[in-house]
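K.L.:
Using the hints provided, position chain G relative to the given structure of chain A.
Those protein sequences? They're chains A and G, same order as listed.
With the working numbering applied, the first sequence has no gaps in its numbers, which climb one by one up to 243 at the end.
With the working numbering applied, the second sequence has no gaps in its numbers, which climb one by one up to 1230 at the end.
Among the hints, erroneous ones may be present.
What the hints assert, rightly or not - Listed below are the simulated DSSO-like cross-link pairs for lysine-lysine, each with C-alpha atoms no more than 27 Å apart in a straight line:
id, chain 1, residue 1, chain 2, residue 2
1, G, Lys1128, A, Lys65
2, G, Lys1128, A, Lys19
3, A, Lys133, G, Lys1128
4, A, Lys221, A, Lys235
5, A, Lys70, G, Lys1128
6, A, Lys75, G, Lys1128
7, G, Lys1128, A, Lys105
Stated by the list, open to error - One side only, chain G facing chain A, incomplete, derived with CB under 10 Å:
id, residue
8, Ala1132
9, Gln1143
10, Ile1148
What the hints assert, rightly or not - Simulated DEER-style distance windows between Cβ atoms:
id, chain 1, residue 1, chain 2, residue 2, range
11, A, Glu171, G, Leu1068, 53 to 61 Å
12, G, Gly1218, A, Tyr11, 42 to 50 Å
13, A, Ser139, G, Gln1223, 24 to 32 Å
14, A, Val129, G, Gln1223, 27 to 35 Å
15, G, Leu1162, A, Tyr11, 37 to 45 Å
16, G, Tyr1141, A, Tyr11, 16 to 24 Å
17, A, Asn8, G, Gly1030, 38 to 46 Å
Simulated from the structure, these hints should not be mistaken for lab results.
Yeah, the Cβ is synthetic: ideal placement off N, Cα and C, and Gly gets one too.
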Amino acid sequence: MIEISHVNKWYGPSFQVLKDCTTSVAKGEVVVVCGPSGSGKSTLIKCVNALEPFQEGQIILDGIKVNDPKTDLPKLRARVGMVFQHFELFPHLRIIENLCLAQEKVLGRSHDEAVAKGDKLLERVGLTVHANKYPAELSGGQQQRVAIARALAMDPIAMLFDEPTSALDPEMISEVLDVMVDLAHEGMTMMVVTHEMGFASKVAHRVIFMDKGEIVEDALKTDFFGSPRSERAQKFLSKILSH
Amino acid sequence: MFDNLDFDVIRRSLPYLFLDGMSFTLMLTGLSALGGLIFGTLIALMRLSGYRLLGRVAGLYVDFMRSLPLVLVIFWFYFLVPYIGQWLTGASRPIRVGAFTSSLVTFIMFEAAYFSEIMRAGIQSISKGQPAAASALGLTYSQSMRYIVLPQAFRNMLPVLLTQTIVLFQDTSLVYVLSIPDFLGAASKVAQRDGRLVEMYLFAAAVYFVISCVASYGVRRLQARIAIVR
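Next comes chain A alone, as it looks inside the complex (with noise of 0.2 Å):
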């Protein structure tokens, strides 16, 4: 589903945020990127649906090469939902608007149908009695699961996920991930950055280790927990699990 080959990417001449990163994603596995801030994990998933361009290498989505300057690329991210540290719902609109928004616009669906599935959605996080309230009304943790209905009304067939728990209050974080444990269950091929170790171990079938652009480990679950084979990985574990 996912084929990430060789990429690199540079800002600026000489800072190199991403080194030779290859990995792949296959259809209905959930894959967790883990590792400390700054290792490049939340660049490389915004390279998957190209809102960060990169130098060199290729992503391959769903059999279309994305780096390639014929993809169109608005038709190809609209099949790929992605979820947001900060949510980012627009908030001008109504939480049923953020939701018709794209469907709407981007796959032409009528506004009755587009209203129809977002409901559906609503309601399956839960959420069907704030459809008219504006984002600034909810919490953060309504919020982060509106952006995951708004992104699941496109119909996705892989949801990305830049630390969607990360700007959450702790009591708010439950409540998103379970959203997105459903979602695996159901089979849904997730990419989710994240330092949420028990949704890890839960949910994930593997576990890639970024450290400075790089990817040190990529592992399945069991391999990873059990014994990760890098110092750095084993490092990065025990100070994450540790408390």
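P.N.:
For chain G alone, kept in the frame of chain A given last:
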């Protein structure tokens, strides 16, 4: 000193002052603000487009307009446009441009420079995550601008845009140099016809003052409301 003033002249000329003069002024202000906002937004988009040439052209335009006194632009435009029109269309005589059209085009072009800077600030005030989220949903650049970025930029900048419009409302009185009967022009005509300069200019000043003050107060209240919603 006030003994030989005749304030009744104001009462007698009220219909002319407001029905002709003020309606011209308000129409010119409204249409100029609307046109200036549209063109200003386009200029702002050019400057932020990332295409260097477009950005340079827009930047030069803004700098040029902001470096000239408005009166001069009004003058030039009124007297030059007929000849430019003639030259462009190859007509045998200068194109006739009405006073209203000429001043409207002048104000739109002039205000576009100021409104573009306001809209540019407004667009830059939107966090990068917003267009990123729009892109991630498959919206194109123009859709993202139209549905996500510009509405928010406009809402955030509305108080500033309205304040600029109040300035514009006062500036429209400069068309007086073209002997156009806007509010000030009308007042001045009556003043000179009846020899009542002091009364008419005092009255005109009072009217501009009251309207601008009330409008500014309205903008402040609006600003407070927007601040809550955000």
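K.L.:
All the hints need checking, so say for each whether the structure fits it.
P.N.:
Do the hints match the structure? See the list:
no., hint, in the structure
1, G:Lys1128 x A:Lys65, "25 Å, holds"
2, G:Lys1128 x A:Lys19, "25 Å, holds"
3, A:Lys133 x G:Lys1128, "23 Å, holds"
4, A:Lys221 x A:Lys235, "17 Å, holds"
5, A:Lys70 x G:Lys1128, "25 Å, holds"
6, A:Lys75 x G:Lys1128, "21 Å, holds"
7, G:Lys1128 x A:Lys105, "21 Å, holds"
8, Ala1132, "6 Å, holds"
9, Gln1143, "6 Å, holds"
10, Ile1148, "6 Å, holds"
11, A:Glu171 x G:Leu1068: 53 to 61 Å, "59 Å, holds"
12, G:Gly1218 x A:Tyr11: 42 to 50 Å, "47 Å, holds"
13, A:Ser139 x G:Gln1223: 24 to 32 Å, "27 Å, holds"
14, A:Val129 x G:Gln1223: 27 to 35 Å, "31 Å, holds"
15, G:Leu1162 x A:Tyr11: 37 to 45 Å, "40 Å, holds"
16, G:Tyr1141 x A:Tyr11: 16 to 24 Å, "22 Å, holds"
17, A:Asn8 x G:Gly1030: 38 to 46 Å, "55 Å, violated"
Hint compliance for this structure: hint 17 is the single one not met.
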